[in-house]
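Participant: Sequence:
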Amino acid sequence: MASKGAGRARLLAAGSLLAAVVLILGALGLLGGLQGIAAQLTADRWQPEQPTGPDHVTARMRAVRAAVTKEFALPFGTGCYREDGGIAGGGEHPLGRACDFMLGPAGVKATGDRAKLGDRIVRWVRDHADEYGIWYVIYQQHIWSSRHPERGWMPMEDRGSITGNHFDHVHISVY
53 MASKGAGRAR LLAAGSLLAA VVLILGALGL LGGLQGIAAQ LTADRWQPEQ
103 PTGPDHVTAR MRAVRAAVTK EFALPFGTGC YREDGGIAGG GEHPLGRACD
153 FMLGPAGVKA TGDRAKLGDR IVRWVRDHAD EYGIWYVIYQ QHIWSSRHPE
203 RGWMPMEDRG SITGNHFDHV HISVY
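Position in the sequence shown (first residue = 1) + 52 = the working numbering.
Calculated directly from the structure, the hints in this document are not laboratory data.
Quantities reported herein were computed from a predicted structural model and do not represent experimental measurements.
Treat the hints with care, since some could be wrong.
[Stated by the list, open to error] Pairwise CB distance ranges, derived in the manner of DEER restraints:
(1) 106 <-> 164: 34 to 42 Å
(2) 202 <-> 129: 28 to 36 Å
(3) 100 <-> 167: 30 to 38 Å
(4) 121 <-> 161: 31 to 39 Å
(5) 167 <-> 102: 18 to 26 Å
(6) 139 <-> 178: 33 to 41 Å
(7) 111 <-> 163: 14 to 22 Å
(8) 160 <-> 199: 29 to 37 Å
(9) 107 <-> 210: 17 to 25 Å
(10) 183 <-> 213: 31 to 39 Å
[Unchecked claim] Below are the SDA-like pairs computed for lysine to any residue, each with C-alpha atoms no more than 25 Å apart in a straight line:
(11) 161 <-> 105
(12) 168 <-> 201
(13) 168 <-> 179
(14) 161 <-> 112
(15) 122 <-> 196
(16) 168 <-> 142
(17) 122 <-> 105
(18) 168 <-> 124
(19) 122 <-> 195
(20) 168 <-> 146
(21) 168 <-> 147
(22) 122 <-> 133
(23) 122 <-> 112
(24) 168 <-> 136
Each residue gets a CB set at the ideal place from its N, CA and C atoms; glycine is no exception.
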């Protein structure tokens with residue numbers, strides 16, 4: 053039977069080897085593909101939920117909403133369920149899997165401290181995506197998806213308005 057010290061040494065060696073492989077793959081530009089595979093495995097672990105309760109959101113979205121509102125002062129409120137979803141096809145709002153975290157009055161572009169609040173919320177979302185089952189976040193006409201983190205913060209099409217382009221709120225969708 054191997055000693056605990058020998059077992060720890062093997063574990064450290066394996067960890068060092070893995071770190072070296074990641075470093076080499078990153079240097080060769082091959083890490084993005086592995087990150088995509090890892091992200092897909094993470095996405096696959098989240099099972100779809102049905103909305104419940106009078107707010108018509110899923111338990112997962114409810115947990116994200118509670119965490120975000122606890123972490124950040126949001127004096128302009130949060131909007132989640134909408135029957136029409138506001139976009140062609142409805143999006144995630146009618147499914148109870150999305151909330152909009154308002155940074156100011158609807159239709160008024162967030163600037164200064166309000167825009168910085170949006171940036172902080174986006175960083176929090178990206179940092180906690182795996183923990184809460186967050187699928188994507190939209191802010192300032194850009195989108196980040198936990199399914200494709202290697203793509204980074206991607207520009208979106210022009211939806212024709214401050215609100216449609218998410219300049220007055222941060223949109224968070226969950227799996």
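Participant: If a hint holds in the structure, say so; if it does not, say that too.
Facilitator: These are the hints, each one checked on the structure:
A hinted range of 34 to 42 Å holds for the C-beta pair residue 106 and residue 164, which are about 35 Å apart. The hinted range of 28 to 36 Å is satisfied by residue 202 and residue 129, whose Cβ atoms lie roughly 34 Å apart. For residue 100 and residue 167, the Cβ-Cβ distance of about 33 Å falls inside the hinted range of 30 to 38 Å, so the restraint holds. Roughly 22 Å separates the CB atoms of residue 121 and residue 161, a value that falls outside the hinted 31 to 39 Å.
In this structure the supplied range 18 to 26 Å is violated for residue 167 paired with residue 102, their Cβ-Cβ distance being about 35 Å. For residue 139 and residue 178, the Cβ-Cβ distance of about 23 Å falls outside the hinted range of 33 to 41 Å, so the restraint is violated. With their beta carbons about 35 Å apart, residue 111 and residue 163 fall outside the hinted range of 14 to 22 Å. Checked against the hint of 29 to 37 Å, the C-beta distance between residue 160 and residue 199 comes to roughly 31 Å, which is consistent with it.
For residue 107 and residue 210, the hinted distance range of 17 to 25 Å is not satisfied, since their beta carbons lie about 31 Å from each other. A hinted range of 31 to 39 Å holds for the C-beta pair residue 183 and residue 213, which are about 32 Å apart. Taking the CA atoms of residue 161 and residue 105, the gap is about 32 Å. The hint is violated against a cut of 25 Å. Taken as a hint, the residue 168 and residue 201 pair is honoured in the structure, with Cα atoms around 22 Å apart against an allowance of 25 Å.
In summary, the hint linking residue 168 to residue 179 is supported, as the alpha carbons are separated by about 17 Å, within the 25 Å threshold. Using a Cα cut-off of 25 Å, the hinted pair residue 161 and residue 112 is violated, with the two alpha carbons roughly 28 Å apart. Straight-line distance between C-alpha atoms of residue 122 and residue 196 comes to about 22 Å, which keeps the hinted pair within the 25 Å bound. Proposed proximity of residue 168 and residue 142 is contradicted: the alpha carbons are some 29 Å apart, above 25 Å.
Distance check on the hinted pair: residue 122 and residue 105 sit about 20 Å apart at the alpha-carbon level, within 25 Å; holds. Between residue 168 and residue 124 the alpha-carbon distance is near 12 Å, which keeps this suggested pair within the 25 Å criterion. Between residue 122 and residue 195, the direct Cα distance comes to roughly 23 Å. Compliance with the 25 Å bound is thereby established for this hinted pair. The suggested pairing of residue 168 with residue 146 is violated, with an alpha-carbon distance near 29 Å, which exceeds 25 Å.
With a CA separation close to 29 Å, the supplied pair residue 168 and residue 147 exceeds the 25 Å bound. Under the criterion of a C-alpha separation no larger than 25 Å, the hint pairing residue 122 with residue 133 is consistent with the structure, at around 20 Å. Between residue 122 and residue 112, the direct Cα distance comes to roughly 15 Å. Compliance with the 25 Å bound is thereby established for this hinted pair. Using a Cα cut-off of 25 Å, the hinted pair residue 168 and residue 136 is violated, with the two alpha carbons roughly 30 Å apart.
When held up to the earlier numbered hints, the structure conflicts with 4, 5, 6, 7, 9, 11, 14, 16, 20, 21, 24 and fits the remainder.
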